[in-house]
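J.: If you read the sequences in order, they're chains F and D.
Heads up, the final residue of the first sequence is numbered 509 in the numbering used here, and it's a clean run with no missing numbers.
Heads up, the final residue of the second sequence is numbered 116 in the numbering used here, and it's a clean run with no missing numbers.
By construction, these hints were calculated from the structure, which means they are not laboratory data.
Careful, some of the hints might be misleading.
To be verified - Computed list of chain D residues with no C-beta within reach of chain F, every gap over 12 Å:
#, residue
1, R97
2, L101
3, L102
What the hints assert, rightly or not - Derived DEER-like restraints, expressed as beta-carbon distance ranges:
#, chain 1, residue 1, chain 2, residue 2, range
4, F, L26, D, D36, 17 to 25 Å
5, F, L97, D, G40, 40 to 48 Å
6, D, S85, F, V50, 32 to 40 Å
7, F, R44, D, S85, 30 to 38 Å
8, D, V104, F, D457, 55 to 63 Å
9, F, K211, D, V104, 58 to 66 Å
10, F, S15, D, G40, 30 to 38 Å
11, D, P10, F, D457, 45 to 53 Å
12, F, R44, D, D22, 25 to 33 Å
Cβ coordinates follow ideal geometry from the N, Cα and C atoms, glycine included.
Read off the chains here:
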Amino acid sequence: MFENIYAWLMRLYPSRFREEYGEEILQLFRDRARDEKGFYRRLRLWLDLVADLAISVPREYYYFEPELIGASADQRLGGLPSFVVIEGGSPRPEALLSGGVLTMLVLSTCSIFLSQAGHYTPRRTFNAASSQGHRYRDSSALGGQPSPSDSEVGNGTSQFGRSVVSGRALRAGEASNSEAEAFPPDSSESSQPQTQRPEGAGNLGMTSASKVDATERSHVIHAAVANLKQYYVYPEIAQKTSDALLAHEKNGDYDAVKEGGEFAALLTKQMRDTSQDMHLDVLYSQEPLPEHPLGAIPENLERYREYIEHNNCTFEKAEILPHNIGYLKLNSFPDLSVCEATARAEMNRVNDAAAIIVDLRENRGGDPDMVMLLASYLFDHPEYMYNPRENTTQQCWTRSPIPGNKLADKPVYILTSRLTSSAAEHFSYDLKMLKRTTLVGETTSGAAHSGVFHRIDEHFGIGIPETKPINPFSKSDWAVVGVEPDMKVNAADALDAAIKLAQAKLQKK
Amino acid sequence: MPKQKLNPLPSAAFQILLALVDEDLHGYGIMRQVEDQTDGRTRLGPGTLYSSIRTLLEAKLIEEVDVPTDARPGSERRRYYRLTSAGRKLVRSEAERIADLLRVARSKRILRGAHV
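Please construct the entire structure, taking both the sequences and the accompanying hints into account.
T.: See below:
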């Protein structure tokens, strides 16, 4: 039996060596086995044999290697791939059979995994709070309307206006947008200001298959600290926040965190706890973050233009309802440079209404300049509109009065849902704070983030506020918590509720 | 030219050459002789042994002998190996090199014993 075992182990040698000395080697084994009996000597024999195999097998393969290299080099002289025959004889039938079975097994395993992958929809962790701000001008401006070209079109939007968001984050933002449609949010999360919240229509959740190791954790922490110190608008808070992160790292608080999304959420929470700034966030994207802005591609810009114009600049409806109630359904705040004429035309269509309902239930944001233009119709004098993304400048004042506009003194109702995000929240929040509207519907998504995106690596980035906007209305804004409606009803019932409110108001007059 | 280098001469190759100085031996005989001449410290494994033998054959330092003079009647047919004149010359020069080393070592009082 021992001889059979050793004969089997001899297959480790190259066949040429076996052919040449196989029988001699086996004879030597027999001789030793015959002479070396007893437990100790037999054990020593096997130790010798194993050690000998470990040393001599690699050496024998190395011995044949120069021949192979030489043969390949000769063949490659012609510039063509070469195929070198190592063995002289044809393979044994059992070798062919086992090779065939092994190949089938490998192929079957691969195909099973591939088919599983096909059913798996990665819940791209564009960390809820993170993507909210960063996609302020991304594809959400399209109102999330299903379109095969949404993502690319979205890229183009960042090119317009004074974007505070780096286009580098847009691709991930788009991912979250498409995800948003697939995963309706859980409204219960809206009451948790320091956790990841659903963004737009989507609870982006955390990605399960996104491991981070100690090296990457350390890299992200130190990059976050460096970015904070360099860019955060409040240096003292930057220092304090950085110290807190480093202290957490020193304490080993991150050692147990193995997933990228979880790690980003933890860092975000700790930064916010220390800074009390809800606009700071670390984001994680399972999709590789592009190194350079995508929005600057002229082709994308042109496609955005075509798309948005084809869709009436996302003004889905502008009509007069019974009782002369104007109804404006706007699914994004499209770029002003493309859609100003359309926006003005649509506003004119409801200009004679006695009250106006602005439906933002499917509006996930867009261009703040468009926010300012539409808000301008609701005042007869310039009014300050707080925007967490902008320093306080002239841009923060409405262009009121607008010549020929009759809506400045009409009751305004804004319909909201938990999908209402970003620029749509900007519009809702400011008009609510200015007591110029009645919000009807659900608490909005809380996508206020004003941070400028800084890419840390392929999967992590950090959003850091670089502006000092003045909020005259309250200490905090809608970041994370969303905008609370004045009248809380299900989004589906909001239009009816607003119509009733408007009718009641108009009847009193 | 052998594909495996013999300069410097590997320890296993030198031991094999040394084992063949007195008589022609087959593989197992060589292994035993090496074990004896090293006081049991070196037991050449089969792979190492035949790998070295092949190299020495290619270098024409040893040669195969079909029927050795001392082959016992009835024993299995084995390949026996014999030292060639080149092999004998090489083993002598290698032994002298080692002897020189020994002299140096002794002169530095690293080793004790009679002058070599």
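J.: It remains to establish, for every hint, whether it holds in the given structure.
T.: Each hint tested on the structure:
1. The beta carbon of R97(D) sits about 24 Å from the closest Cβ of chain F, which is more than 12 Å, so the claim that it is off the interface holds.
2. No Cβ of chain F comes within 12 Å of the Cβ of L101(D); the nearest lies about 25 Å off, and the non-interface call holds.
3. Every beta carbon of chain F lies more than 12 Å from that of L102(D), the smallest distance being close to 27 Å; the non-interface claim holds.
4. Evaluation of the 17 to 25 Å hint for L26(F) and D36(D) yields a pass: the beta carbon distance comes to about 23 Å.
5. Remark: the range hint 40 to 48 Å for L97(F) to G40(D) is upheld by a beta-carbon distance near 46 Å.
6. Between S85(D) and V50(F) the CB atoms are about 38 Å apart, so this pair conforms to the stated range of 32 to 40 Å.
7. About 37 Å separates the C-beta atoms of R44(F) and S85(D), a value consistent with the hinted range of 30 to 38 Å.
8. Under the hint 55 to 63 Å, the C-beta atoms of V104(D) and D457(F), about 59 Å apart, fit the expected range.
9. In this structure, K211(F) and V104(D) meet the distance hint of 58 to 66 Å, their C-beta atoms being roughly 59 Å apart.
10. Checked against the given bound of 30 to 38 Å, the beta carbons of S15(F) and G40(D), roughly 34 Å apart, stay inside it.
11. In this structure the hint that P10(D) and D457(F) lie 45 to 53 Å apart at CB holds, the actual value being about 50 Å.
12. Between R44(F) and D22(D) the beta carbon distance is about 26 Å. The supplied range of 25 to 33 Å therefore holds.
The structure shown violates none of the earlier numbered hints.
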